[in-house]
Amino acid sequence: MKRPTIADIASRAGVSKVAVSYALNGQPGVSQATRARIIAIADEIGWRPNSAARALNGARANCVGLALCRPARILGVEPFFMELISGIEGVLADRSYALLLQVVTSHQQESEVYRHWWGESRIDGVFLVDLHYSDGRVTELERLGMPVVVIGHPSESGSLSAIWSDDGEAVRETVGYLLALGHRRVARVAGLPELVHTRVRDQAFTEACEGVAEHVIVHTDYTGEEGARATRRLLSSPDRPTAIVYDNDIMAVAGLSVAQEMRVEVPRDLSIVAWDDSPLAQVVRPPLTALTRDIPAYGAHAAQRLLALIAGESVPPYEDQAAILTPRGSTGPTHSG
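Here the sequence shown is numbered in UniProt numbering, starting from 1 and rising by one per residue.
Among the clues, some could well be false.
[As the list claims (entries may be wrong)] Straight-line C-alpha distance at most 20 Å; calculated SDA-like pairs for lysine to any residue: (1) Lys17 with Arg37; (2) Lys17 with Glu44; (3) Lys17 with Gln27; (4) Lys17 with Ala36; (5) Lys17 with Ile41.
What the hints contain is simulated information worked out from the structure, not anything from laboratory work.
Generate coordinates for the entire structure from the input sequences, incorporating the hints supplied.
Take a look at the structure:
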């Protein structure tokens with residue numbers, strides 16, 4: 001894994017390193033056409049003039065990056081990312097590595113951040129999260145050639161190393177449990193539909209319910225507000241579900257509040273299951289049945305693999321432990337018709 005250097009620019013432009021230096025520093029000695037070509041190549045491969053010394057000697061930054069395309073206000077209350085980052089930080093701290101975190105508003109901005117970080121020698125590698133189908137970020141990171149660990153399914157990670165868990169199996173276990181409790185009208189309040197893991201869960205949920213239970217999926221943005229809104233619509237329908245599975249604990253807690261507001265008794269009239277267990281799911285009353293996994297360990301495993309890539313090791317895709325169902329007071333046999 002090699003950082004872009006002045007020598008790389010010179011090779012691609014067919015000029016000397018001195019000519020590249022003149023062009024990038026605005027000095028005379030090269031034609032305008034050559035200068036323009038050199039600057040275009042530097043931008044293309046992600047090199048930045050203000051990092052010339054570090055880029056030339058190939059020094060390690062002892063830092064890895066994570067850009068999150070989520071609203072900053074959500075991250076402050078999202079247990080999943082806080083626990084994931086805590087696991088990553090635990091491994092990095094032991095190796096005297098730092099984590100560079102930035103919130104972005106689009107995938108285009110995220111790709112630009114990666115390109116700048118890498119070209120400026122600010123990082124030695126990155127984590128890629130919230131994988132989409134045909135994700136353009138994968139192509140960009142492959143082109144840059146930096147060490148990357150994708151926290152997502154390998155089917156869409158291209159040549160990048162991936163770490164993931166079997167969300168489909170967790171969904172099938174949950175639906176089977178609800179069917180055993182007698183539920184025949186089941187809903188799923190899901191996350192963003194363009195995410196790979198959302199579609200995996202959607203498909204598993206539909207297949208598990210097919211022919212044995214009426215089912216509906218409502219997609220949201222993971223916020224408590226959207227989770228509450230979706231719950232009100234579901235509980236206001238003539239054939240309201242007797243069980244709802246939420247894609248995170250924030251939405252599940254919001255859904256529990258809506259049920260109590262609407263005088264729908266949990267779990268007598270409505271069973272609730274939250275994805276990703278956390279203290280938040282356990283302090284409410286009744287405590288929420290949840291799909292539990294060791295998220296800090298998940299982050300630690302991802303960090304171990306990224307550091308191995310940085311060290312030049314081969315890192316194959318790794319399937320981590322799937323979430324398991326932890327029944328609590330929010331689920332029980334249905335008493336609704």
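Would you pick out the hints that fail for this structure and give their numbers low to high? Those not satisfied: there are none.
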